[in-house]
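Just so you know, we're using the numbering used here here: the sequence shown kicks off at 1 and counts up by one.
Just so you know, the hints here were simulated from the structure itself, not pulled from any lab data. Certain hints may be false.
Stated by the list, open to error - Pair by pair, the computed Cβ-Cβ distance ranges are:
1. T65 <-> H43: 23 to 33 Å
2. D131 <-> E178: 22 to 32 Å
3. R174 <-> D149: 35 to 45 Å
4. A172 <-> A24: 39 to 49 Å
5. A138 <-> H43: 14 to 24 Å
6. P52 <-> S175: 41 to 51 Å
7. S177 <-> L21: 14 to 24 Å
8. S53 <-> R174: 44 to 54 Å
Claimed, not checked - Derived lysine to any residue pairs resembling SDA-like cross-links, with alpha carbons at most 20 Å apart:
9. K91 <-> Q59
10. K91 <-> L58
11. K91 <-> D131
Note that CB positions come from ideal geometry on N, CA and C, so glycine has one too.
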Amino acid sequence: IEVNVGSASDAHRILTRAAHLVSAHDPVRALEMAAAAAVARSHGTDSGATLPSGTVDLQVSAHDTRRTRCLKLLLAGSLHDIEGDRDAARKDLANAIHLAVDGGPDADGPVTDLDLLGNLGNAALHLGDDDAHRRCYALMLSMARENSDGMAVLYALQRITFGLFVSGRWAALRSASEEA
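Work the whole structure out from these sequences, hints included.
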């Protein structure tokens, strides 16, 4: 694949094409790229590229890792959002966020993929779920601090301020802004 990224729509096109090309060899990698492309498209970055139907499996299976289940729900929610079905999008994303942040009966703690948490948080903000947005970024911030990941701390602090602003939590907003 020739990678010439000059714009966000180029990135969308490249992710979509790459997801299709690797799907037979690495379905999880294809899912990751398809989810990233769908999130970009649901936020207005659309190259016009589409994945052929069946390229990625959206059916959640008992054999999927929790991260994979979250990615499938993120992709499904983003696709519903693109189609204009915001209720279905909110439902899928709420399930993904609950699974990522709270876990489930078979969980051993939250999902530790900071990119996934960031995408879930951004999707929640985009769909107007301020509480889910805050929960994703609070978890991301906590894990980034534990790992001494300064860039992820900075990113999470900047993003968490949106939810703090909307909820009118001025002292917390000021604190997060000053720390960032």
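Now for the hints, and whether the structure bears them out:
The given range of 23 to 33 Å is respected by T65 and H43, whose C-beta atoms sit roughly 26 Å from each other. Checking the proposed 22 to 32 Å range against D131 and E178 shows it holds: the Cβ atoms sit about 23 Å from each other. With their beta carbons about 23 Å apart, R174 and D149 fall outside the hinted range of 35 to 45 Å. With their beta carbons about 47 Å apart, A172 and A24 fall inside the hinted range of 39 to 49 Å.
Between A138 and H43 the beta carbon distance is about 22 Å. The supplied range of 14 to 24 Å therefore holds. Judged by the Cβ atoms, the range 41 to 51 Å given for P52 and S175 holds: they are separated by roughly 48 Å. Checking the proposed 14 to 24 Å range against S177 and L21 shows it is violated: the Cβ atoms sit about 42 Å from each other. Range check, S53 to R174: Cβ separation about 48 Å, and the 44 to 54 Å hint holds.
For the proposed pair K91 and Q59, the alpha carbon gap of about 15 Å is at most 20 Å, so the pair holds. At most 20 Å may separate the alpha-carbon atoms for a hinted pair to count; K91 and L58 meet this at roughly 15 Å. Among the hinted pairs, K91 with D131 is consistent with the structure: their alpha-carbon atoms are about 14 Å apart, no more than 20 Å.
Hint compliance for this structure: hints 3, 7 are not met, and every other hint is.
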